[in-house]
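As a plain string of letters, each chain reads:
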Amino acid sequence: MRLHALALLLSVAACARADVSYQRILQASAEPANWLTYSGTYAGHRYSPLSQINRANVAQLKPAWIYQMPVEGRVETSPLVVDGVIYLTEKPYIVTALDGRTGRPLWSYRRPEVREVPSCCGQVNRGLAILGDTLFFGTLDAHLVALDARTGNVRWDIVVADWHTGHSITAAPLIVKDKVIVGISGGDYGIRGFLDAYDPKTGRRVWRLWTVPEPGQPGSETWGAGAGEGPQSGGAPTWVTGSYDPDLNLLYWGTGNPGGDYGGDERPGDNLYSDSLLAIDPDTGTLRWHFQFTPHDLHDWDSNQVPVLIDAEIAGRPRKLVVQANRNAFYYVLDRVTGEFITGQAFTKQTWARGLDAHGRPVLLGNPDPTPEGKLIYPGLFGGTSWYSPSYSPKARLFYVMASGDYGQVFYKLPQELKPGVKFERGGARDVVGAEPFGAVRALDPTSGAQRWEYRLNAVSVCGLVSTGGDLVFGGTREGAVFALDADTGRLLWHFQAGGQVSCNPISFAIDGKQYVSVAAGNSILVFGL
Amino acid sequence: MSRPAFLCRALAVLALIGAAVPARLRGEASPAGGAHEAGLDPAQAQALLGSVPPDREAGRRAFQANCSGCHGPNGEGGRGPTLALPHLPRATSERAIALIIAQGIRGTDMPPFILQAADVRNVAAWVWHLGQLPPEIVPGDPRHGEKLYRDRGNCAACHSLAGYGGAIGPDLTDIGSRRGAAYLRRALVDPGAEVPQNFSVFRPEANITANFLLVSLVTRDGTAWTGVRINEDTFSIQIRDFANGFHSFLKSELAELHKQWGQSPMPSYAATFTPAELADLVAFLAAHKGQP
Numbered sequence: 001m002r003l004h005a006l007a008l009l010l011s012v013a014a015c016a017r018a019d020v021s022y023q024r025i026l027q028a029s030a031e032p033a034n035w036l037t038y039s040g041t042y043a044g045h046r047y048s049p050l051s052q053i054n055r056a057n058v059a060q061l062k063p064a065w066i067y068q069m070p071v072e073g074r075v076e077t078s079p080l081v082v083d084g085v086i087y088l089t090e091k092p093y094i095v096t097a098l099d100g101r102t103g104r105p106l107w108s109y110r111r112p113e114v115r116e117v118p119s120c121c122g123q124v125n126r127g128l129a130i131l132g133d134t135l136f137f138g139t140l141d142a143h144l145v146a147l148d149a150r151t152g153n154v155r156w157d158i159v160v161a162d163w164h165t166g167h168s169i170t171a172a173p174l175i176v177k178d179k180v181i182v183g184i185s186g187g188d189y190g191i192r193g194f195l196d197a198y199d200p201k202t203g204r205r206v207w208r209l210w211t212v213p214e215p216g217q218p219g220s221e222t223w224g225a226g227a228g229e230g231p232q233s234g235g236a237p238t239w240v241t242g243s244y245d246p247d248l249n250l251l252y253w254g255t256g257n258p259g260g261d262y263g264g265d266e267r268p269g270d271n272l273y274s275d276s277l278l279a280i281d282p283d284t285g286t287l288r289w290h291f292q293f294t295p296h297d298l299h300d301w302d303s304n305q306v307p308v309l310i311d312a313e314i315a316g317r318p319r320k321l322v323v324q325a326n327r328n329a330f331y332y333v334l335d336r337v338t339g340e341f342i343t344g345q346a347f348t349k350q351t352w353a354r355g356l357d358a359h360g361r362p363v364l365l366g367n368p369d370p371t372p373e374g375k376l377i378y379p380g381l382f383g384g385t386s387w388y389s390p391s392y393s394p395k396a397r398l399f400y401v402m403a404s405g406d407y408g409q410v411f412y413k414l415p416q417e418l419k420p421g422v423k424f425e426r427g428g429a430r431d432v433v434g435a436e437p438f439g440a441v442r443a444l445d446p447t448s449g450a451q452r453w454e455y456r457l458n459a460v461s462v463c464g465l466v467s468t469g470g471d472l473v474f475g476g477t478r479e480g481a482v483f484a485l486d487a488d489t490g491r492l493l494w495h496f497q498a499g500g501q502v503s504c505n506p507i508s509f510a511i512d513g514k515q516y517v518s519v520a521a522g523n524s525i526l527v528f529g530l
Numbered sequence: 001m002s003r004p005a006f007l008c009r010a011l012a013v014l015a016l017i018g019a020a021v022p023a024r025l026r027g028e029a030s031p032a033g034g035a036h037e038a039g040l041d042p043a044q045a046q047a048l049l050g051s052v053p054p055d056r057e058a059g060r061r062a063f064q065a066n067c068s069g070c071h072g073p074n075g076e077g078g079r080g081p082t083l084a085l086p087h088l089p090r091a092t093s094e095r096a097i098a099l100i101i102a103q104g105i106r107g108t109d110m111p112p113f114i115l116q117a118a119d120v121r122n123v124a125a126w127v128w129h130l131g132q133l134p135p136e137i138v139p140g141d142p143r144h145g146e147k148l149y150r151d152r153g154n155c156a157a158c159h160s161l162a163g164y165g166g167a168i169g170p171d172l173t174d175i176g177s178r179r180g181a182a183y184l185r186r187a188l189v190d191p192g193a194e195v196p197q198n199f200s201v202f203r204p205e206a207n208i209t210a211n212f213l214l215v216s217l218v219t220r221d222g223t224a225w226t227g228v229r230i231n232e233d234t235f236s237i238q239i240r241d242f243a244n245g246f247h248s249f250l251k252s253e254l255a256e257l258h259k260q261w262g263q264s265p266m267p268s269y270a271a272t273f274t275p276a277e278l279a280d281l282v283a284f285l286a287a288h289k290g291q292p
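Residue numbers (the numbering used here), protein chains in the order written: chain A, 1 to 530; chain B, 1 to 292.
In the EDC-like style, the derived pairs of lysine to aspartate or glutamate whose C-alpha atoms are separated by at most 20 Å in a straight line are:
id, chain 1, residue 1, chain 2, residue 2
1, B, Lys259, B, Asp241
2, A, Lys320, A, Asp247
3, B, Lys289, B, Glu146
4, B, Lys251, A, Glu454
5, B, Lys259, A, Asp406
6, B, Lys251, B, Asp221
Calculated from the structure, these hints are not laboratory results.
With the hints as constraints, model all of the structure from the sequences given.
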């Protein structure tokens, strides 16, 4: 009783200022103490200009506090920080506000758990969005929920899609102007993917962009004449948060694999818009251009990795670029005004393509298609990288990616009929006996993808990266270590064993002028400070 | 001794996961726990556990479509643990397996699967079948085999039985329920024929599993060590030497680190024992079936 009252009091005291206007998110880089949107800013950099923790003193970094979540299991959350309060999603259906100074909870919203929800990859959630004093998050049973950021009380709770048919939401929503943009998961269940925009006041849907076209629409010809299950189970889910360019008024969002992941006989053609980057008018949901990374994908190489927006000179000409380190093991540089392919190259071992042609289309190396017996292809199904965020440091002018190394799998296909709500993969991938693939943080030249340095990890890691104005890159390992590297050289400067797999996207923020770095490990959130 | 590390490793993982789950939850998957307790209404439970005999072949197909990505096409394990075990730590019956398929296992990556009730039963029947080794008549004198194990074989220097012995190689307490006589005989004569392998690209835990990888290393001050790897991460490695002593090294302290993939630390017993003696030792090992 007393605890409850105290929490209420703290919540009122600390959250009274929770008022995040669209203007504040637009100018998020001007207030680096806060972390107002999934990737820190709309450009998808996951970069903090804060420099109090830096090369000279990072060796003294210590845990400030640890918050342990009550439910076990992998945590992929990327918290938001608003004026001293940390908002995070816990698994499976919990949102908690913490006092950023102490780690003490202010409130928790606990939604009744729907345990039967089919989800390909664990009961995970990657975070929230905030606009004004309302928090938005998607649920595994495919609802979108709006909460009062001061109390956790529900403002609205709407159904985005039916979870019985394999739909779920794991991505953090993105606020653009007066809309909440939210992507859908379920590409391994034969759903038809889409991206939605909702009115933040009411939860009313404003637009839906289907990522697989209707028969007769442009792109539908890439699904074969008979179409089999065709577009209706075409996949192309939108399960990682995208980026936004306010000057061009274009929203950039990646799409995932085509349905029936490993068996493509029933979907001959490129299968648009699977494994693509979409540039979208956020006011109307109209598709402005698309670029497909892996046509007719048969290896589950979703292209949902965070699109990173960079302005740089190429061949003496200033260009507005969108770059992506793709799960298919290639790094791509595109013109973000037009979608034109500029350049690209592999950033880790791959055995499926000779390279990319002048339009960025892969030139296949032999026949990499899965067979009933199985075929060894690099990278394996989890790819050269995946959902965990890359980072771009405008200071170091380097793009950082958590890459897998020497990671192949044996891909096989199996006949399978589509049943709603049942995993629909038409095959699978198994590990190579005796192989111990490594992980690596790789720093790439952002305009070419050429590797500048790497820091090797013992095992493939599923932890994203944050780079900082203190010339540091923070990440974590599968075995539970959190580490800091020199952003310019990749030299190891600090590490700490957190005791549980690090599988999240780290962030940095400041409270009362003191800089912190936050990482989730195991079922805990750890906050480090000097 | 044999080196059934593949199974051993998976058992270790299962044990590890099992240990982290509250007893009540583990009980849910046991016959005693019952479907009602597990959160299913009686009608659902009845459908799931219905009396129509399951179709094991249909189960195999459904298993390959739904389960093989993690558990391997034949249940040999992968990202997920092997299921080709006679004693699954979380499920002591076909019914219990069916409940796990339908409900998943909280706190692990095992999700609930939304399948038709018949498919659940069929897959459960297939998984149950995976663990059933055909009963085998093993010739030889187990009593004499025990003597060989303790004396001339000196097997206990590296292997444990019921909590006593070394830890350079796999525990053998239930080896008879995990490996057949032919495998055991070959492992004694040619230990390198099937060395332990690590499948775990994406290790579900912060520890690596027991695959008894032979490593040799030299520290910066020139001391050399050889042993089996217990654990490793980016910054450190832990090994057990051949006297069963534990050593921890920071990689920054090492001048050399060699992982002897494909080599077994175990010597061949082909020259040590006669064929009859090998048969006795195999009979002794085959009788160790662990706790029922």
